[in-house]
Each structure stands twice: as structure tokens, then as C-alpha cells.
Amino acid sequence: MAMHIVDRRLNPSSKSLENRQRFLRRAKALVQGAVKKASQDRDIKDVLEGGEVSIPLDGMSEPRFYREGGIRDRVLPGNVKFVEGDYLQRPQSKSGRSNDAGEGDGEDAFRFVLSRDEFVDMFLDDLELPDLSKRKLAEVENEGLRRAGYTTSGSPANISVSRTVRLAMARRVALQRPRPETIAQLEAELEHCSDERRPELLAEIERLKSKMRRIPFIDPIDIRYRRFETVPKPVAQAVMFCLMDVSGSMSEHMKDLAKRFYMLLYVFLTRRYRKVEIVFIRHTDRAEEVDEQTFFHGPASGGTLVSSALQAMHEIVQSRYRPADWNIYAAQASDGDNSYADGDLSGRLLKDMILPVTQFFAYLEVGESGSHPFEMSESSLWTLYQRLRAEGAPLSMRKVNDRSEIFPVFHDLFQRRQAKERVAP
Amino acid sequence: MTDRLYEGADWDFTTLQRIHDACEEIAEKELGLNVYPNQIEVITAEQMLDAYSSVGMPLYYKHWSFGKQFAHQEASYRKGLMGLAYEIVINSSPCISYLMEENTATMQTLVIAHAAFGHNHFFKNNYLFKQWTDADGILDYLDFAKGYVAQCEERYGRAAVEQTLDAAHALMSHGVDRYPGKKSLDLRAEEKRARERRNHEETSFNDLWRTVPTGPTKSASLLSVERRRALLGLPQENLLYFLEKAAPRLQTWQRELLRIVRNISQYFYPQGQTKVMNEGTATYVHYRIMTRLHQTGQISDGNFLEFLQSHTNVVFQPNYDDRRFSGFNPYALGFAMMQDIEKIVTDPTDEDRAWFPDIAGKGDAMAVLRDIWANYRDESFVSQFLSPRLMRHMRMFHLHDDPAVSEGIRVDAIHDERGYRRVRRVLARQYDVGLIDANIEVVDVDLAGDRRLMLKHSVLNGALLNEADAKRVLQHLADLWSYDVSLAEVDASGLVLKEHVAHPRVMAAAA
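First to last, the protein sequences are chains A and B.
When you read off a place in the first sequence, starting at 1, and then add 1, the result is the number in this note's numbering.
When you read off a place in the second sequence, starting at 1, and then add 89, the result is the number in this note's numbering.
Incorrect hints may appear among the rest.
With a cut-off of at most 27 Å between alpha-carbon atoms, the simulated BS3-like pairs for lysine-lysine come out as follows [unchecked claim]: (1) K364/B <-> K219/B; (2) K118/B <-> K235/B; (3) K151/B <-> K334/B; (4) K29/A <-> K364/B; (5) K118/B <-> K29/A; (6) K219/B <-> K29/A.
Coverage of chain A stretches by chain B, computed from C-beta distances (three or more under 8 Å per stretch; other residues unrestricted) [stated by the list, open to error]: (7) 17-23; (8) 258-271; (9) 331-337.
Honestly, the hints are just simulated from the structure, not real lab data.
Just so it is clear, CB atoms sit at the ideal spot from N, CA and C, and this is done for glycine as well.
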């Protein structure tokens, strides 16, 4: 009988992708809650990793009519010790479980694995990039060139030799241009031929030569030029400046808060840009660019001059990150201390140098856990920045004391909103 | 050896062809099987997971519940909690078997023997499948269903379609005809009918009809109870059928969706009633074929050992007190019974002759087995052919758990002379589909009053419906019915033990 073998391995896989998306969409609220809960438990660095989440079955359940309880008869295999008429104790745990299942349906959880992308999507779903100061610049897309086939006109520099020669050859073959070898052969024959053959050969050679002249080796109609098209090239890279005060007054707890915020920002930016670079600038009374390890853990001491960090950032932008090519984000974390004399300089630097080139500048004032935001007196930096805001500088600023506030604050900064203006906290 | 089918573990498509031909030779000449043409499809593990989540069917309409299924299975697969089945086979003509690419050549041989011949023969010959399924039409019908659902989503919105399907799925287990009726399922005709109806509606649509006065309707109270019940075809245990025909406010496309879910449910109905037999048949067939292939030197000793290992895993039956125990393994029970029957037919003991006078010593095991495969389902199969020897061998015993008895669970019968018949009867009832699903039927509609739909659950052995789930299902039912629905749980004496009521929500589709 006929039998068919079909190789389905190359069929598009994940046929059930659409069903999965439907499922995720339906469970969106639940999954989002689960994702936020899961992300609280783990290091922010691992947020990107995706992984298993568990959602309550309630709402995702597929109910059926089924019975429970009553008198039950069962046949089981493997009896080694019972005889007819024996009594078995009812397993305690079993009855307990069945009660649970009856009462606490909502507790039953459904576990499944989210891919990395799905996880981060859910995580950042209702957030979007701020379109602030440099909106214009961000949308100015550079024009790039892209090859786009061939054309019959163009500059000599763009002649496509191979394409031209190929066309010429096709034309010569089609029009049966005599080959030089054929003529050479006839001419060689002419040397030794008999007299009666000579005129015949001469006529033939003449005919071929004239045909060869009429059909040129390369005709202008053969010539092809490489065609280029201009395409808008979006600025698809971003640099993120992490500025942090590392003077003695910053405790480990405060640094941890800052770190978590930077991490979130990083995750967020990597979703939007193909390439994200991070520059770490730490400062006391002078600033230096350092690697991540040193940034968070390296010891440092000294006074506090915020302007040094802003100056350093400005220099780095100048030398390495042309604002036309890069989307620039900056987040500054500090406990708010700054030497009084530095205020003016910092303000000027920020207003004139930094803010015009950055997409977004966030200031995060970190405090000791437990201290209530209302009890904190306004720090010198906070006062300064608030004054700048009042003058219309596009700054975002928040205060954070506890780890649990990081995500809400981040969320708050980036959430979609209609109103253009941010409300000061 | 010159006539080995393959060496080692590697295979390619010509190997598969050779294996198939060798299996076919044995299946037809020696076992006398009669199968649909085979189509063998090689798939990846991921595609296997895909297939899992749509009940093994190669194409299915889109629904979130399949995505949920997939997510769940993928999670347990990735964690290593679950191995994948070696094969999936579809009751269609041609009979499609999926083979995983990871399988070794021996596994592919096993799978071809098991699915492409064992299951295939069973699908083609068993009376339940003949009666209830339409192997020729199923794939086309699924294709139609998929397209129809997609079209409805376009026209009426995804939410409305999803809501209707959710409701239909909830009632799926009560959307089958349990007794053979007028005619068997003809899915091609189904599909044609649906298309024609839609075309007719489209061509003959005339908005004028809406404005024609309908005149006073006959007072509902004039209808006598008998007449009303006859009109609505009550009592009706096929809830989906009833809603499709009688729900007052459903749109045509909603009725069609209910019909699709009902038809597919009906298609799967025989599979639920023949698990033991179906797997027993397939396992018995693969065992016979593999053994013969080994005897004739077509597979090597090493490969045969590999097969035996898989086979032993498949037919492993843990004891009741084993952590792995989860009821009878249909492969184990089915295979053991088939082998037992073979022994009864070819080499009977006195006990066999006393218990099975019809088949004992008849000599031709395959003829007897083929006859059994064609004419029984699990319940009748167990109740007729479970032998005392096998009950002893598997050390079966019967537990009677009456919550009213405080001493505990009573051991009612064991594998002894007094117990054989009782054990067998109880085990057979365990497979009686009429007793597995709750017996729920539509009994009446209050046409004169508030159009309440009344259902009855005939309670058996005091087992009531799970309340939380019943509530949700009833809610779906009420949404489809568009008026109140009540469900009374009634015991044999007519005493109402419990009553559930649901009120319809506004359906997105009603707009």
C-alpha cells in the first residue's frame, strides 16, 4: 500500500505562538502582577532573564462539570496483604487536600515560563521613553545610503563593470558579433590559400570585419551604474551616564538604591536602542570616569563638588558621544550634599551644557531607609535643582529611601502620560 | 546480515520506507490487519509540543486555552518533568503518525508498528470509531473550523468569539450524543452545509423583513407540558446540541461555533471509551511485529534489547501504594489482556475453559483478537475478557469507600474465587463512560414565565458536582441561553440535594 513520508521539520515552528499570545493577552493583568512580584524577589540584574512565573488559576480556569465525594468504588492493582472485609484507614492528607481543592480554588497557581522578551515586555509594558528636551534632535534622522539595484545613468565612479560586461556579452551573443578568433583564422588561411579561394575569403573577412564594427564590443546601452538610495537612518544608539556622589556621606544602602535605579534604566534603554553604552562617573570633590566595579564598590573620600561630575560628563560627551549620533541619558544619584559655593557653577553647567544635549536627566536623591521623606530637610542640591526646574529646565527629580520605592519611582518617571508637564513631587 | 533494516541508531527516509514495508508485510500477512493508508510525518520536539497543545490535531482553530496548555507543558518539559510521547497518531484517512526526529531507528520502528499499524487498525475497524467518527472528513473539517472561527473573529470581533468558544468548551463534555442516533457523522456534508447556509443568508438578505409585523404569538401557556417537551426534544443530555437548536438569542454564527465544538467533541468521544483497548491493541501489535522482525534477523539483538527496554517502560504498572501510581496504565492493562487472550485461545487451562468457553482453545488468536478489537469498548471488553489469571497476576482488589462508614475504606473483594466477578464488574464500571461523566440533562424550559432553563443532575452514589466549577459552567450556560438557568441535583428517589442558579451576563456578542 502506498505510504507517504512528509518532512515537517522545516515547517514554521511555534505554530502555537498565536495561541500563546492570546493566552498572555488574556492573562495580562495577572501576568504583569506576577512579573512585578517576581522581579522584586530577584536581583534587578536578573530581571532581563525572564523565567518562570506563577499566576493564580482563577480567571484562567476552564471549568467543567465534575463530581466529587459520595460513595466510591475502585479497583487497584498490587494487593499483597488485604483480604476481603479488611478496613483501611482513610488517608488523612488526602481528605484534607480534597477539601482544599474544593474551597480554595483561587489559591491554585498555574506556573509557566516566560521568555526573556515576554518578561521584559510585561515588566516595562506601560512605560515609555520621555520625549523631553531634545525631541527635535531625537527625531532628526541621519540619512544613510543603501544599494538599490542598477540604473542606466549615473556618475562614472558608479559604473558596475561586471553588470555592464555581462549585458554587453549578452548583446554580442544575441546579435552574433563575429569573434576575433574567427577573423584571425580566416586571415591565417588567406596566407596559404589558392587564388580562386582568395577573393571569396577576402569578401568574407571584409563582411565579418564590417559586422564587427557595426556591433561594438561595448555599447553605451550596455552600461549600468550602481544605484544608491538614501534612507533615513534612525539614531539607534544611546549612552547612559551614571553620575554618583561617592563621598563619605553616601552609605552602602544609598549606593544600592542608586544601583537599582541605574539597572532599571539600563534594562529600559536596551529595550529601545540597539546599542546602549554606559559611562560611570563618580565624584567627590573631583570626578573620574571609572568602571562599574569601582563605581559601586571602590572606596573614596573627600568633599562634594557636583560641578566636577557635570564637567566630566560634558567633556566626555564632547569627545566621544556626538549628540547628533547618540541619544544621551543621564541619571544622577546623590544624598543631596553639595558645597554651597558650587551651586552656581553646577546650575550653569547643567543648564547650558548638559540639558541641551540630553534626552532625559533624572536626579535621584537617596536617603537612609526609615527616614521619612517629609522629615528630610531640603538638601542643597535639591533646592538648586528645584530652582532650575522652576525656571523651566527639563529635569526629573525624585526622592527614594527604600528599596521598595525604586520601581514605583522609576515607573512614575517613565509612565505614559498625556500631560506634558511633570508634577514636582 | 544482508537483510537488516538498519544498523545502529541512525535513519533516513529510505530507512523509514524500508521499516514501514517490513512492518506492513508482517501486519498484513501474519496479523491480518486492515489499515488506512499511512502518512508518516517527521517533526521536531517543539512541533510535538505544539501538537500536544491542540489535542494532537495538526490544525485547530485558535484559542487561548491551547496557549495556556502549551505554556504549561513547555514549562514541565523544560524542567525535565515530562518526557514527550514518542508519537502522536491521528484517526484520519490517510492515518497520520508523527515521528520525532530525535528517535533512534529502533524507536521509529516501534512507533511505526505501534501507531501506523496498531492504532491505525483499531481506528479503521472498531465499531465506535466507525459509528462516531469520519476519518475521511476530519482534517478538512478542522480546516473549515479554523477558517470559520478566524472569519467570525474578523466579522464579529475576537472578544465575542472567544466568549462563545469559552462557553462551548466548558460544556464540551456534555456536547456528545451518547447513543447512536439517526446517522453517523459526515463532516464533509457538515462543512458544505455551513457554507451553503452562509451563502444563502448573504444572497437573500433583505432588511425589509425586519419591518413586517409578526402578529400576536400564541400564548405560551397554551402549550401543554408534553407538547413543549416534544417540541424542544426534551429531555436532552447533549447540552451543546440543545443550545444550538433552542437557545433563543444566539446569532447564527454562534450556533455554528457550538456545532463545531460539538462535532469535534463527538469525534473524540470514542477515544475516551477505548483507551485500554486502543493502547492494548497498538502495544500488542508492535510487540508482535518487533519480535518477528528480530526473529527474521531484520533487527539486531542490540536493537531488540533497546526495544524491549522501551516496551517494558511503556507497560509498567506501579502498585497502588507506589509513589508513581496514578490508576491503571491503559498500556499495561490492555497489553496484558491481549496477551492473556492469546493464551486462552491457543493454550487454555481448565479455568480458562470454564470462564471463556467461547474462545478457549479456538486456536486462531488473531481472528479472535481482531473480532474483539472490532466489537468492544473498554467497559464491555473488561467485563467480558478480564481473566482470573490476570486478576491474580496483577493482584487486583476492590475498595469500597462510603463516607458514612466510619471504620474506613472497606476491602470489598480481592483476587479470589469469591471476588473475581465483583472485581471484574467494578473495574469494568470504572471504564463506563456513562458513569464517568455526570449525568446532566435539560429537563424543561419555563416558556410561560421567565424562560428559565431547567437542568437536572441525576446524582449517583451521592457524588455532587464540584460547586465552584459547576457555578462557572452554569454561568457560561446562562450566557448562551440569555435567561436564567437552574440546575437541580436530584438523587434516585427524586429528592433535590442541591440547587444552583445562574443569571446571564451581557454578552459582547449580543450587540
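Results for each hint:
no. : hint              : in the structure
1   : K364/B <-> K219/B : holds (16 Å)
2   : K118/B <-> K235/B : violated (40 Å)
3   : K151/B <-> K334/B : holds (25 Å)
4   : K29/A <-> K364/B  : violated (37 Å)
5   : K118/B <-> K29/A  : violated (57 Å)
6   : K219/B <-> K29/A  : violated (44 Å)
7   : 17-23             : holds (count 6)
8   : 258-271           : violated (count 0)
9   : 331-337           : violated (count 0)
In terms of the numbered hints stated before, the structure departs from hints 2, 4, 5, 6, 8, 9, listed from lowest to highest.
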